[in-house]
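Enquirer: Sequence:
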Amino acid sequence: MSDFHKPDGSSSETIHETQTESHKKPKYSIRNSWSIFAATEKRDIMKYILRIMLYKFGIEAFNGSIIALATSRYDREARLAGKPARTFERVGLLTGLNQACQCLGSMLVTPLIRKNPTKTVISGAVFAFGVLTAVLLIVDAATGGRVKPRGWDTSHGVEHFGYYGTYNTDVMIPFYCFTDLAYGMVETIRRVIPKDIVGGDVQKLLRMDSIVHIFYEVSGTGGALTTSLALIPYLGNNMSFVITHILARSFN
366 MSDFHKPDGS
376 SSETIHETQT
386 ESHKKPKYSI
396 RNSWSIFAAT
406 EKRDIMKYIL
416 RIMLYKFGIE
426 AFNGSIIALA
436 TSRYDREARL
446 AGKPARTFER
456 VGLLTGLNQA
466 CQCLGSMLVT
476 PLIRKNPTKT
486 VISGAVFAFG
496 VLTAVLLIVD
506 AATGGRVKPR
516 GWDTSHGVEH
526 FGYYGTYNTD
536 VMIPFYCFTD
546 LAYGMVETIR
556 RVIPKDIVGG
566 DVQKLLRMDS
576 IVHIFYEVSG
586 TGGALTTSLA
596 LIPYLGNNMS
606 FVITHILARS
616 FN
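When you read off a place in the sequence shown, starting at 1, and then add 365, the result is the number in the working numbering.
Derived by calculation from the structure, the hints in this document are not laboratory data. Remember, it's a predicted structure, so these values are computed and weren't measured experimentally. Glycine included, every Cβ here is placed at the ideal spot set by N, Cα and C. Warning: the hint list may mix true and false statements.
[Unchecked claim] Pairwise CB distance ranges (calculated):
hint, residue 1, residue 2, range
1, GLY509, LEU571, 50 to 56 angstroms
2, LEU571, GLY516, 20 to 26 angstroms
3, PRO539, ARG444, 20 to 26 angstroms
4, ALA403, SER520, 58 to 64 angstroms
5, SER615, ARG444, 35 to 41 angstroms
6, GLU552, SER398, 23 to 29 angstroms
7, ALA403, THR485, 20 to 26 angstroms
8, ARG511, PRO476, 38 to 44 angstroms
9, ILE538, LEU570, 52 to 58 angstroms
10, ARG479, PRO539, 34 to 40 angstroms
11, GLU582, LYS484, 20 to 26 angstroms
12, LYS407, GLY522, 52 to 58 angstroms
[Said to hold, decoys possible] Here are the simulated BS3-like cross-link-like pairs (lysine-lysine), alpha carbons at most 30 angstroms apart as the crow flies:
hint, residue 1, residue 2
13, LYS448, LYS560
14, LYS407, LYS560
15, LYS480, LYS407
16, LYS560, LYS484
17, LYS407, LYS484
18, LYS560, LYS480
19, LYS412, LYS560
20, LYS412, LYS480
Model the full assembly from the supplied sequences, consistent with the hints where possible.
Expert: Now the structure itself:
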């Protein structure tokens, strides 16, 4: 029994070595999270945060608008044709293909960033996203679509969408899929960029990721709320995502 209580010399030495190593590692508090970055790193982080916030605001505005637009258009087409509505079926297909294309976009990132700089790939993806959203706006305008007239709901009712373009709503499906190829690429690449900015310092990477994530989510929430409360009521579902194209161009 006396041997059982004898201190293990090797264990105490191991504990001492661990404590010594922990003292050697730099420890950063929440208060000085920003101060651990160099001046050039701070500048690059602020630029990156601003750009990723513009992108997130635009993508949330687009996603909210496109689902609302597809739902109202499929209902309207069925009503005009005198046929049973298949809205949930078509919107479900739209959403499912959307998720599949996001996955495909994520898989395309690896071969692209092996041959091209990361910033070039993400800029190209956002540019393609902006172009595709603009094309959908052009298609709507070319087929008679226009901005929702002021006082439309009062004079025509909330279920009347005469200001929509006359194109077939199924045209939206490939456009939405291609935009989400770009979306999947950006969502993957944005997790690689922090290492390009601050290098391999784990403490810096953790803090940069936290800071960026906060602003990213705030911007996304703001985009969704702005779309539902301001853009859709005043511009209509068909034109409310015009801001997405503008913000995508600002990203680059």
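Enquirer: Run every hint past the structure and note whether it holds.
Expert: Cross-check of the supplied hints:
| no. | hint | verdict |
| --- | --- | --- |
| 1 | GLY509 - LEU571: 50 to 56 angstroms | 52 angstroms, holds |
| 2 | LEU571 - GLY516: 20 to 26 angstroms | 52 angstroms, violated |
| 3 | PRO539 - ARG444: 20 to 26 angstroms | 24 angstroms, holds |
| 4 | ALA403 - SER520: 58 to 64 angstroms | 60 angstroms, holds |
| 5 | SER615 - ARG444: 35 to 41 angstroms | 38 angstroms, holds |
| 6 | GLU552 - SER398: 23 to 29 angstroms | 24 angstroms, holds |
| 7 | ALA403 - THR485: 20 to 26 angstroms | 24 angstroms, holds |
| 8 | ARG511 - PRO476: 38 to 44 angstroms | 42 angstroms, holds |
| 9 | ILE538 - LEU570: 52 to 58 angstroms | 39 angstroms, violated |
| 10 | ARG479 - PRO539: 34 to 40 angstroms | 28 angstroms, violated |
| 11 | GLU582 - LYS484: 20 to 26 angstroms | 23 angstroms, holds |
| 12 | LYS407 - GLY522: 52 to 58 angstroms | 53 angstroms, holds |
| 13 | LYS448 - LYS560 | 55 angstroms, violated |
| 14 | LYS407 - LYS560 | 14 angstroms, holds |
| 15 | LYS480 - LYS407 | 28 angstroms, holds |
| 16 | LYS560 - LYS484 | 12 angstroms, holds |
| 17 | LYS407 - LYS484 | 17 angstroms, holds |
| 18 | LYS560 - LYS480 | 18 angstroms, holds |
| 19 | LYS412 - LYS560 | 15 angstroms, holds |
| 20 | LYS412 - LYS480 | 24 angstroms, holds |
Violated hints, in rising order: 2, 9, 10 and 13; the structure is consistent with all others.
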